[in-house]
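Asks: Got chain U; can you put chain D on it based on the hints?
Protein chains: 2
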Amino acid sequence: MTTTIPQTEYTQRIQRLQQKMLAENIDGFILSQNVDLYYLTGSMQTGYLIVPANGEPLYLVRRSVVRAQQEAAAVVEPLGSFRDFGARLARAFPPLAPPPAAAQTTGQPPIRLAAEFDVLPVAQLQRLQQVLPHVAWVDGSTLIRETRMLKSPSELACIREAARVIDVAFEDALSKLQPGMTELEVMAGIEYAIRRQGHLGTMRMRGYNQEVITGMLGAGEAAAVPTYFDGPAGGQGLGPAGPQSASRRPIGSNEPILIDIGCCIDGYVIDQTRTVVIGELPEDLVRAYETAEQILRSVESMLHPGTECEKLYMLSLQIAHQAGLSDHFMGFGDDQVKFLGHGIGLEVDELPVLAKGFRYPLEPGMVIAIEPKFTFPNRGVVGIENSYAITDTGFEKLTVSREGLIRL
Amino acid sequence: MTTTIPQTEYTQRIQRLQQKMLAENIDGFILSQNVDLYYLTGSMQTGYLIVPANGEPLYLVRRSVVRAQQEAAAVVEPLGSFRDFGARLARAFPPLAPPPAAAQTTGQPPIRLAAEFDVLPVAQLQRLQQVLPHVAWVDGSTLIRETRMLKSPSELACIREAARVIDVAFEDALSKLQPGMTELEVMAGIEYAIRRQGHLGTMRMRGYNQEVITGMLGAGEAAAVPTYFDGPAGGQGLGPAGPQSASRRPIGSNEPILIDIGCCIDGYVIDQTRTVVIGELPEDLVRAYETAEQILRSVESMLHPGTECEKLYMLSLQIAHQAGLSDHFMGFGDDQVKFLGHGIGLEVDELPVLAKGFRYPLEPGMVIAIEPKFTFPNRGVVGIENSYAITDTGFEKLTVSREGLIRL
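As given, the protein sequences belong to chains U and D, one line each in that order. With my numbering, letter number 53 in the first sequence gets 53, and the count goes up by one each step, no holes. With my numbering, letter number 68 in the second sequence gets 68, and the count goes up by one each step, no holes.
Okay, chain U solo, but in the shape it has when bound:
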């Protein structure tokens, strides 16, 4: 299945971005990150999308122009020589042209152009600065991330399809899981199942240095090994060069198997976690798992428009505290992460974040993965993660896999 995004939707996306630009006195936005280009045009060919504060955008493409012309909702032109970029911009968007010399000396404020400072490499900005020396550059990361925060019905359809695909792969893995199989074997099977169903082969993540692969599968103490990954449980991985996700550890009985997986269908990701055990878990881990579900149910009761994001995180801290599990919540000790959930969409780490300081009120169209987990060093990780869309009246649960501690 390939979901078609209606052409009018791209116009709406551009308009939403332009409204935010106008509110911040930004004259133009030069976007170049592949995911942002895709979001705003329907194509992710290499180049620059120039969005003026008023008027139509222009997609200057280096490669492949032909493909961008076939795919993009925006007007596509060949980028040509980068040296001419400034003149090109001035012709296409007179308000973005360098001010006349007289205005420069009388202190007229410079043109303000935004770029994606959170992902744009320094060397790339320097190239733009060379050809556009009259510009005051500002960080547009939050503007584009906030524009992308609210999903349309067609985006939700992609995420629902990803949720269906991951559930098929999950049930397939459960049907084959045996003690003695390595984490890697089980994970490879899941990846094979999602790929055949149309997983793009990568899950995109915006954060510097972050790689999500396809999530993690970790059993017993291997799941609880701390790592750099910006999540509650990254997993041991295959070695220092791949320090997350599945390891070569054989899976045993009566230990928690954390299966935190996702896939990417038509660009959109899903994220879900289930806890599985072959046999039975020790009582305290069962209780911790149940506390994770209790957190999820309590958070669900507040999942409706108007709730401030950080309130959901605070609620989860409170329940973990009441259960005497604060030290184990969302990682252990110094390696705890300070959030309960995160937006998902074209990337795994979208807005909003359920963390202190994130005061966004929930709005219809937000899609959030909520992942209460408890880490027990040398023993394992238990927890659950669902992805939700906020609706007019509450939420739609997007993940469809069965819940509860899954005993095989």
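Honestly, the hints are just simulated from the structure, not real lab data. Ideal Cβ positions, reconstructed from N, Cα and C, are used throughout, including at glycine. Some clues are possibly wrong.
Label-pair distances were calculated between CB atoms; the ranges are [stated by the list, open to error]:
{"id": "1", "chain 1": "U", "residue 1": "Ala87", "chain 2": "D", "residue 2": "Ala90", "range": "41 to 49 Å"}
{"id": "2", "chain 1": "D", "residue 1": "Pro364", "chain 2": "U", "residue 2": "Gln129", "range": "37 to 45 Å"}
{"id": "3", "chain 1": "U", "residue 1": "Pro133", "chain 2": "D", "residue 2": "Gln19", "range": "34 to 42 Å"}
Covered stretches of chain D (chain U as the covering partner; in silico rule of three or more C-beta atoms under 8 Å from a C-beta of chain U) [to be verified]:
{"id": "4", "segment": "36–47"}
{"id": "5", "segment": "63–71"}
{"id": "6", "segment": "117–131"}
{"id": "7", "segment": "166–177"}
{"id": "8", "segment": "184–192"}
{"id": "9", "segment": "240–251"}
Replies: Structure of chain D alone, referenced to chain U:
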């Protein structure tokens, strides 16, 4: 298999980087990209590796400190509060401290610190500039990329293992290939085979916006679809959100099947391409394939220390021209790429590049993927790619898969 890098090797790597820093009057290098951190320390936990021009480096780690301490050859300390970064740096490395106020007014040159401008996001540099306001920042990308250009015996061992793994997966795929299978099905099988053998699940690429997934598999016209990917044949892919690699097109008889695949073992990648056909190819495509092999053999005859990289590209252009295939070489028309090969190692797009302007003389320890290919729009792509290590006297071919046009 997990290859162990000797601890002394990290000292040598740091020393090679320091020599380059001294030659460019750089007082210190603050590295933060995950692959560069791994190369210089043996760990890729999130943080900053501070390399002074003289003396021992210090790895300030945000997360996970415990894991970095277990893995890294360098001294690891917790990063702590980022606000204290400047004071911390001054204590650990007095030469990098802010100059006394008197020196500032007498025009003493500022401290010169390097960072990886080719990958470091603008927002990350701005954070460093805030806590280190006395610093003149310079681009250290080329220094670290040149340091990584020459591979050690233990690095070569990793690449040889990756070459073995991809060959097993390739032969497995050939044994199952049938007309009517989709590109995606065959590619999923290859990915499953490499993953079970220890592929990390990702192949890292340094270029902004570039994603390599696991290469591409393309049959007939789908292989020849132009795309953004910085290579001669990116493939059609699964849609505009994944515009490269395998598509859902069924593979037919008597058409070229380009299998350009790699994997990542212990962090190191291999890259190889073979052309396969079920049945027989039209005569002109057979001739183009043979021209690709002829280019490879001619280039091999110059693969020894001292040959300038760009000469190999020029030679390939000349042979393509003599064969009347210039328009088809390394892509078609406006979508041609202007190189013949590229370094590989921890990333797929390393130095040296076999392209005009790259005057590096070949040196023992360089590892280069050389990939002459010919693109025929609406018909397909044919070609071959081997990876080579330069030795004292010539080269070692690292890829081990059988050559020639493979007829099934």
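Asks: Indicate, hint by hint, whether the structure satisfies it.
Replies: Comparing the hints with the structure gives:
1. A beta carbon spacing of about 46 Å between U/Ala87 and D/Ala90 agrees with the range 41 to 49 Å that was offered as a hint.
2. Against the hinted window of 37 to 45 Å, the Cβ-Cβ separation of D/Pro364 and U/Gln129 comes to about 39 Å, which satisfies the hint.
3. Distance hint check for U/Pro133 and D/Gln19: the Cβ-Cβ separation is about 35 Å, which falls inside the suggested range of 34 to 42 Å.
4. With 6 residues having a beta carbon nearer than 8 Å to a beta carbon of chain U, the segment 36–47 of chain D meets the requirement of three or more and the stated coverage holds.
5. With a cut-off of 8 Å between beta carbons, the segment 63–71 of chain D has 6 residues touching chain U; three or more are needed, and the interface restraint holds.
6. A count of 10 residues in the segment 117–131 of chain D with a Cβ less than 8 Å from any Cβ of chain U is obtained; the coverage claim is therefore met, three being the minimum.
7. Only when three residues or more bring their CB closer than 8 Å to a CB of chain U does the claim for the segment 166–177 of chain D stand; here the count is 0, and the claim is violated.
8. Counting residues of the segment 184–192 of chain D whose CB lies closer than 8 Å to any CB of chain U gives 7, which reaches the minimum of 3, so the coverage claim holds.
9. Given a C-beta distance limit of less than 8 Å, the hint that chain U covers the segment 240–251 of chain D holds, as 6 residues qualify and 3 suffice.
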